[in-house]
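K.L.:
Chains Z, G and Y, in that order, are what the protein sequence lines are.
In case it helps, my numbering puts the first sequence at residues 4 to 701.
In case it helps, my numbering puts the second sequence at residues 4 to 163.
In case it helps, my numbering puts the third sequence at residues -15 to 421.
Since the hints were derived computationally from the structure, they do not count as laboratory data.
Some hints could be false.
Unchecked claim - What follows is a list of derived Cβ distance ranges for each label pair:
1) G262(Y) - Q163(G): 51 to 59 Å
2) Q163(G) - G414(Z): 49 to 57 Å
3) D137(Z) - A134(Y): 53 to 61 Å
4) R160(G) - D188(Z): 35 to 43 Å
5) D157(G) - D137(Z): 36 to 44 Å
6) T16(Y) - D6(Z): 57 to 65 Å
7) G139(Y) - Y122(Z): 53 to 61 Å
Stated by the list, open to error - Covered, in the sense of this in silico footprint (three residues per stretch, anywhere, with C-beta under 8 Å from a C-beta of chain Y), are these stretches of chain Z:
8) 60 to 70
9) 91 to 101
10) 193 to 203
Even glycine gets a Cβ: it sits at the ideal position worked out from N, Cα and C.
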Amino acid sequence: MADPVNLSIDGRAVQAPAGTLLIDAAKTAGIEIPAFCYYEGLSLQAACRMCLVEIEKTPKLQASCTIPVGEGMIVRTDSPIVAAARKSMLEFLLANHPLDCPVCDKGGECELQDMVFRYGAGESRFTENKLHVDEKQWSPVVFFDAPRCILCYRCVRICNEGMGVGALGIVNRGVISEIAPNEGDHLNCDECGACIDICPVGALTSGTYRYQTRPWEMNHVGTICTHCSNGCKTTLGVRNDKIIRGNNRDRSGVNGEFLCIKGRYAFDFTENPERLQSPLMRINGKLEPVSWSRALLTVAQKFAEVKNRGGKFGVIGSNRTTNEENYYLQKFARQGLGTQNLDHHRSGDLTTLLDAISGKMAALATVSDLYKTKASLVIGADLAEQQPLLAFQLRANFRHHASHTYTVTNGPVRERKYAIASIVANPGEELKAVETLRDRLAKESELVILFGDAIKGDAVRKLVAFGDSLGIPVKYVCLVDYSNSRGAVDMGLVPGLLPGYRAAATSGLATHEMLAAPDLDVLWVVGANPLKNAKLALANAFVVVHEMFLTETAERADIVFPAASAYEKEGTVTNVTGEVQRLKKALKVMGTKSDLEIFGLIAKEMHLDLGPARHDAIFDEMRKTIRGYNVPLPVIATGGAAQTSPVNGRVPVESRPDLIQSARDTLFTSGSLGRYSKMLNSVLEHPAGLYESGVNTP
Amino acid sequence: MTFSPELEAKFAKMVTIYPAGRQRSALIPLLLYAQDEVGALTQEVIDEIARRLGITPLQVDEVIGYYSMLHKKPQGKYHVQVCTNISCLLTGGEELYHHAARKLGLGHKQTAADGVFSLEEVECIGACSWAPAVQINYDFHHHVTPEKLDQLLDGLRKVQ
Amino acid sequence: MIYNEPSPLEVKVLTKRFLLENSASIDTYLATDGYKAFLKAREMTPDAIIAEVKISNLRGRGGAGFPTGMKWSFVPKNSPKPTYIVVNADESEPGTCKDRLLMENDPHQLLEGMLIAGLATNAHAGYIYIRGEYRYLIDIMDKAIAEAYAKGWLGNNIQDTGFDFECYTQTGAGAYECGEESALLESLEGKRGIPRIRPPFPAVAGAWQSPTVLNNVETFCAIPPIILDGGQKFADLGTPRNGGTKLVCISGHVNKPGVYELPLGFNLLRMINEVAGGMRGGKKLKAVIPGGSSCPLLKAEECDLPMDYDSLAKAKSMLGSGGLVIMDEDTDMVKAALRIMKFYAHESCGWCIPCREGTTWLKKMLTRFDEGRGQSSDINLIGELAKNMLGRTFCPLGDAAALPTISIVEKFREEFEAKLVVAAGSYSDENRFVQIA
Ligand SMILES: Cc1cc2nc3c(=O)[nH]c(=O)nc-3n(C[C@H](O)[C@H](O)[C@H](O)COP(=O)(O)O)c2cc1C
Ligand code: SF4
Ligand code: FES
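Please construct the entire structure, taking both the sequences and the accompanying hints into account.
P.N.:
Shown next as structure tokens:
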């Protein structure tokens, strides 16, 4: 690292590492220099000219967003000339900018508005005709209002550089220059909405949010996206128990400002009309609404009766419910019902990985490692589709640090665009292909290996052995599907494994075995849909289901409890890299209860003592009893993420590779849940097409 | 799609004259020459050239929109470009433009129904010392008077 | 072929072959000292060549007037990347039509200039970027290049000197901004002509991020005579620090508009009266644009001055590209200001706010004045807006639009006052807000 550079800004002595841009140096010194086109992490533009400053001995004002600090530089950002320049830039900008702020979505959080307020002129001297172009809809998600656009090119850059999609460009010249979508009149892209969020003004607006409300009329609740396993923080804007938008403008959480379409828009399942809002009970073969008390009593009595006569239970948990719920559920099953038949949908072979790396320090990568590592190897996964945030991190890492990415996949993947080596291998031959990369990988100084369900059982051990043999520090990420897939295993929703991967006295049945069991008395399914593509052997088994919707499994149930979604409860979830984060309750949906509350009520009816069914109490217990989960409370409480290492020794049970199968969701699907998001489906129905019916078009 | 043998030969050479991996540098010439041959930059041409240079059609669109000689809609067989920039302005360029507009019954950037003529008021074409100047397709005409323009246009219409 | 009678007052250095029988052919060229300068330069060290160019006081003929020898000396020696020669033949500055003649009448002089630049900076490939409208010149240059290859003056081991040089033409497609050096390089790379953030300058990171010598056609054409007859001889033709001759393009209200080669420092009034045959129809001189539409105008009484870079700078204007636009007493200066602004609004690349918005705003205002709908407060506003663009835009096009405008409002304010909305109130403000689709 070169010596720091000394300069003076507004008479203040400032020190900054060589190469620091003036605008950043000023910022760290607490001096704000306004800018539209400059955006940290994206390529430089110097187009908006808002950041002009005076530098002694240079005749013209200079754009501080492109000038690196120089030794002895004397800079003024507070001189009358600079103030006048800023004022004039804003006057130019407003010349053709419509003054429809009162109806503009951005009103209240518009960077242009703020700038005019702080640096602008009171009245405009522009009295000519303003250019006018009609607003366009580019996709179900993205609307574009050209006249509001100030051409800062942020959207074009985030789409190109950030998302690696390149769906936005700029056409025409001069004052009629315009941002344009890749399909002429519409977009064919990830629909991630990053362009909308990064737009400093109201030029790009979202189908879900536009004309819905004003920023200050909403409650902003920072919670964790319930869709994939990456665990992005999404800040839900809520008004009257209705989620109106999701974004992450404050760049907090593991994802910074990144969100995919699911995190930003696919919250609308919460208000889907098919949402269950009352318990259902099978009466003469038909599911009928009944009161909570009746449903709970019926279930409690059935559970007690079967338990007392030593009948057979099967319990299937969820990979979207909270750690607290999963922990309490396994306790309920094992202690309350005395069964070991406990499982959930396993989408990656975590247990074998943890076993194979036992004794190693820091062998599990975090989300931020992916942005920092010098090299990464992606095996058997379409990262950009299945693990959007992890893919984003690798892209950013490549862009900012020229890191090396290697891919071994069954087909072409987006990572190939910048990967230093890409191999397409037949299913089952991934490791063979990886072997051919040995020499190049061994030359790297460090490596993160991400692998999907193509690598399970023995293959995982072979992979780890391969990693060891490279003689460089290697970290691993076992890719799993949903927001708490990782937590479900950590919490022991697996036959024979207690929370924290301790051996249970005896093992039990796995999902498919429960479904096939000829003597099953009760099947208890919490937030899962095992009957989607499997049959329950026994016609007269008593089935209890917690669900938001009438899924295939719920339809077979004798009792259905209307469950609250992740956005309607408190608790914690653990993402794909083992980082624990906190859910915050954003809204309440009439008639529903959280799974934890339902467990507690059943336990109460059964007079079981499983401890208080309160998330904070349970989290406390988890922190005491589960290795690695004693994460620092303040971090979690303040919405931070803390990585857990629930085991660092052998994992006692054989993982069942045959039972491990990813659902292979895409950017636009999310298991059964995805079916109930109008937004996701509108994108699927009209792939890249205009959405005639217009989402919320006034 | 394929272009005429001459053009294909030109293209083949073009992409070789830049440093390795920089064949995109051929984009603007390719577009202009293809436009001369096809008459306009149709979506088919755009997609084809994008494919050949390994860029997206959007990237091609960005370039087309920027350059005033590139256009997606066909122009007349004879594209009449009257300069009205400063030197021509001082020597009757504007009158000349209005004269042409009246004669052809066309406005700025309009093409006649029969596709013979199209008209454009253009910026300085580099004939200032021999102003007023008119360019028809790629041919320069200097010291143009309304009478001279009439003869020119009538002559071209006859060739038709 | 040339388009105007030469003047006896011309000093023909770059244009000396213009009147010869098929002056463009390589035979004519070789028969008149052609490529001798290259052979001479081949015997010199790169530093010696650059030194010679410095002595000549040759300054960039494209508009900026930057000392050419110094520019060449910025090219890094023994850089790992190849160095390129790029000729700026985009000639789009209103009032300018000289590079055209140099390529049309003596294409080999340009090629030889490129070769010598190649020797001086160890470059082995050159690109001639020609504006799209000059298609016939691309054909002429291609023909000349083919001749040169055929006769061994281009390609590998040129005339057994062991020096290799490849040369190509490249067409533009209609964009004034692509004459700006960094935008030109973007265009050469197949992109929108958006200027680059500088530094780094082309000499260090130009075409394809490699070191690049980028000069105007006329600049390159001056190199062979400089090398052949020595820099001092060239320098002596002009005034101190303003070496050699300059092709001036005289247009507008004179009897003999045309392109003439005159020594730098030649008096402007003499150019008008003796070279260009005086004012048309005996009218009085009102104003002159001395170096292309980007330069501040000179009023008649300011015109008795030597035409060189420094003298014009002293007169708060510029020699620019040498495009002189002569305006007589009947010229409508508001219309002139409008036409010039229309040009810059049309050519602004749209990248930066002040140029993109400023040029259009000014165009709209000037249009109102031209139509007799000016408001008195607008006269100052025109000047202020132009000053708000000045020096704050991303590239010099913004300045180019601002400078002439400022000079016109300041020097011909009364003409704007004459265009104020006639009867007060006869013009209502509302209809200025009408939304236009
Ligand atoms: C907007 C703009 C347009 C320009 N157009 C031209 C041009 O058409 N021809 C040219 O030679 N230089 C033009 N220049 C100047 C070039 O940027 C550059 O200074 C010049 O080509 C360098 O060559 P020289 O040193 O030989 O003059 C232009 C500059 C600007 C800012
Ligand atoms: S001044 Fe700005 S907008 Fe104008 S041409 Fe230069 S960069 Fe483009
Ligand atoms: S002004 Fe018309 S050709 Fe130059």
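K.L.:
For each hint, tell me whether it holds in the structure or not.
P.N.:
Going through the hints against the structure:
Between G262(Y) and Q163(G), the C-beta spacing of about 44 Å breaks the proposed range 51 to 59 Å. In this structure the hint that Q163(G) and G414(Z) lie 49 to 57 Å apart at CB holds, the actual value being about 56 Å. At roughly 58 Å, the beta carbons of D137(Z) and A134(Y) sit within the given window of 53 to 61 Å. Against the hinted window of 35 to 43 Å, the Cβ-Cβ separation of R160(G) and D188(Z) comes to about 38 Å, which satisfies the hint.
Range check, D157(G) to D137(Z): about 43 Å between beta-carbon atoms, so the 36 to 44 Å window is met. The beta-carbon spacing between T16(Y) and D6(Z), approximately 60 Å, falls within the hinted interval of 57 to 65 Å. For G139(Y) paired with Y122(Z), a C-beta distance near 59 Å keeps the hint of 53 to 61 Å intact. Against chain Y, the segment 60 to 70 of chain Z contributes 5 residues with a C-beta closer than 8 Å to a partner C-beta. That satisfies the three-residue criterion, and the hint holds.
A count of 7 residues in the segment 91 to 101 of chain Z with a Cβ less than 8 Å from any Cβ of chain Y is obtained; the coverage claim is therefore met, three being the minimum. For the segment 193 to 203 of chain Z, the proposed coverage by chain Y is not satisfied: 0 residues have a C-beta within less than 8 Å of a C-beta in that chain, short of the threshold of three.
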